[in-house]
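> The listed protein sequences derive, respectively, from chains A and B. Position 145 of the first sequence, counting from 1, maps to 145 under this note's numbering, and the rest follow consecutively. Position 224 of the second sequence, counting from 1, maps to 224 under this note's numbering, and the rest follow consecutively.
Please note: incorrect hints may appear among the correct ones.
To be verified - Label-pair ranges, simulated between beta-carbon atoms:
no.: 1; chain 1: B; residue 1: N188; chain 2: A; residue 2: E128; range: 30 to 38 Å
no.: 2; chain 1: A; residue 1: N127; chain 2: B; residue 2: A75; range: 47 to 55 Å
no.: 3; chain 1: A; residue 1: R86; chain 2: B; residue 2: I63; range: 49 to 57 Å
no.: 4; chain 1: B; residue 1: P143; chain 2: A; residue 2: M212; range: 42 to 50 Å
Said to hold, decoys possible - Quick list of in silico lysine-lysine cross-link-like pairs, BS3-like style, CA-CA up to 27 Å:
no.: 5; chain 1: B; residue 1: K171; chain 2: A; residue 2: K177
no.: 6; chain 1: B; residue 1: K171; chain 2: A; residue 2: K113
no.: 7; chain 1: B; residue 1: K113; chain 2: A; residue 2: K92
no.: 8; chain 1: A; residue 1: K107; chain 2: B; residue 2: K171
no.: 9; chain 1: B; residue 1: K177; chain 2: A; residue 2: K171
no.: 10; chain 1: A; residue 1: K177; chain 2: A; residue 2: K204
no.: 11; chain 1: B; residue 1: K109; chain 2: A; residue 2: K171
Honestly, the hints are just simulated from the structure, not real lab data. C-beta atoms are modelled at their ideal positions from N, C-alpha and C, and glycine is treated no differently.
There are 2 protein chains.
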Amino acid sequence: MTTQLHKPSIILVNPQLGENIGMVARAMLNCGLTDLRVVNPRDGWPSESAIRASSGALDKGVIVTIYDTTQDAIADMHWTLATTARPRDMVKEVYTAGSAMAETHNKIKNGQKIGVLFGAERTGLENEDIALASAIITIPLNPDFCSLNLAQAVLLVAYEFMVQADQTPEKQLVTGKTDIATAATVANFTDRVIAEMDDRGFFKSPDMRPTMERNLMNLFTRHTWTDQDIQTFHGVISALIKE
Amino acid sequence: MTTQLHKPSIILVNPQLGENIGMVARAMLNCGLTDLRVVNPRDGWPSESAIRASSGALDKGVIVTIYDTTQDAIADMHWTLATTARPRDMVKEVYTAGSAMAETHNKIKNGQKIGVLFGAERTGLENEDIALASAIITIPLNPDFCSLNLAQAVLLVAYEFMVQADQTPEKQLVTGKTDIATAATVANFTDRVIAEMDDRGFFKSPDMRPTMERNLMNLFTRHTWTDQDIQTFHGVISALIKE
Chain A
1 MTTQLHKPSI ILVNPQLGEN IGMVARAMLN CGLTDLRVVN PRDGWPSESA
51 IRASSGALDK GVIVTIYDTT QDAIADMHWT LATTARPRDM VKEVYTAGSA
101 MAETHNKIKN GQKIGVLFGA ERTGLENEDI ALASAIITIP LNPDFCSLNL
151 AQAVLLVAYE FMVQADQTPE KQLVTGKTDI ATAATVANFT DRVIAEMDDR
201 GFFKSPDMRP TMERNLMNLF TRHTWTDQDI QTFHGVISAL IKE
Chain B
1 MTTQLHKPSI ILVNPQLGEN IGMVARAMLN CGLTDLRVVN PRDGWPSESA
51 IRASSGALDK GVIVTIYDTT QDAIADMHWT LATTARPRDM VKEVYTAGSA
101 MAETHNKIKN GQKIGVLFGA ERTGLENEDI ALASAIITIP LNPDFCSLNL
151 AQAVLLVAYE FMVQADQTPE KQLVTGKTDI ATAATVANFT DRVIAEMDDR
201 GFFKSPDMRP TMERNLMNLF TRHTWTDQDI QTFHGVISAL IKE
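Looking at chain A on its own, in the form it has when it is part of the complex:
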């Protein structure tokens, strides 16, 4: 994540419950967003229940600004997205949350400011607010059951923004204090197992041995082991052969 570039602003239009504003702030800060704009909150501002529901997000970085109208709230934006649960009868480009945030990253790199509008609980955005937006985000969800609460809708959009900037490897092996075992370490172990089996007369005929060696090696090369793992295996063998 870079800190110099803008990040999208979240704009709540006519939210009802302070609690939901607080939960939105929490979801935003989870994903590194800090500019929360609230148009005409029904229950007023500041709100004790918002502070409680934010789990500290309102103290630790999220800045709330109150506006009278949606137009005021988006005045400094270059690209504004309206979130809707279903398409409205309006000529407007409709993005998924993922593609909208990919385009948001592009526009931010070009110096633009981006805002994402979310409507009131239950009713969503009015058509007048959607008309102010440059484009629409519709999050693809189960069409038979798609009621997200406000904070969850914000979370998914903010998550898409964050995850697309994230540099975490998609998959990594966490080994703690031990290292990944080299091929030699693994081969040394399988050699020992074969030798111990041989000592105990396992290989009745000598041509059984190459197949067994290959099978055993294949069992171990399929997976990644640490030095600690191989030491554990050695311990098991030592315990098993003790007389």
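Following the hints, put chain B in place on chain A, whose structure we already have.
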């Protein structure tokens, strides 16, 4: 989304509040998941507060099964993922939510059953439960503020599963009842504007005209218009030239 293939099971280990189990069910059904397994819920089961918080998800498709131990809950799984907020000192592959769900889709296509473990509110999964898992999911969030509530963590994983199976175009123009204007329709309009300007003596010298034509055309070709849009523009021009 296909309906024949398995979908991942969500497994809550020692959740405390019935309300959170209900919110998890809701987040699951939002993303089309229906198999919810609960290990040893502190407040018992069934739960009135779970039903209330589920917004109907427990009636409309999510099936809850209660287990005594995590091992029982994952007995029929081929690949089990443990969600943790931070890496533990344990040798285990760590996936992002996105890469874990991509791999989940692969494994499901190979006939495997996949479960995702979530720990109790606040404390998360015990190391004993993580040791039972095949791999770890760590959702990449703001490292300075990464406390997700249980339902939000489930939502992000379920969303990644759903969005990767989703066939929605990343971007589409919704036009309602009108069609996208063809190039000819647009050119016809810009021709008319030029002609009307010409009639009113705008082009003092004839060599101004090609540049103006090009500029005007470029203003319009940069964007997608509908037939309705172009009619509106024609109406504006007609109104402006009325004497």
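> Indicate, hint by hint, whether the structure satisfies it.
Quick rundown of the hints versus the structure:
1. The hinted range of 30 to 38 Å is satisfied by N188/B and E128/A, whose Cβ atoms lie roughly 32 Å apart.
2. Checked against the hint of 47 to 55 Å, the C-beta distance between N127/A and A75/B comes to roughly 52 Å, which is consistent with it.
3. Distance hint check: the CB atoms of R86/A and I63/B are about 27 Å apart, inconsistent with the given range 49 to 57 Å.
4. Checked against the hint of 42 to 50 Å, the C-beta distance between P143/B and M212/A comes to roughly 49 Å, which is consistent with it.
5. Between K171/B and K177/A, the direct Cα distance comes to roughly 46 Å. Violation of the 27 Å bound is thereby established for this hinted pair.
6. Distance check on the hinted pair: K171/B and K113/A sit about 20 Å apart at the alpha-carbon level, within 27 Å; holds.
7. For the given pair, K113/B sits about 40 Å from K92/A by alpha-carbon distance, which is inconsistent with the 27 Å threshold.
8. For the suggested pair K107/A and K171/B, the alpha carbons sit about 16 Å apart, so the restraint of at most 27 Å is met.
9. Straight-line distance between C-alpha atoms of K177/B and K171/A comes to about 46 Å, which puts the hinted pair past the 27 Å bound.
10. With a C-alpha separation of about 42 Å, the suggested pairing of K177/A with K204/A is violated against the 27 Å cut-off.
11. Proximity of K109/B to K171/A is assessed by CA-CA distance (about 20 Å); at most 27 Å being required, the pair is judged to hold.
Hints 3, 5, 7, 9 and 10 from the list above are not met by this structure, while the remaining hints are.
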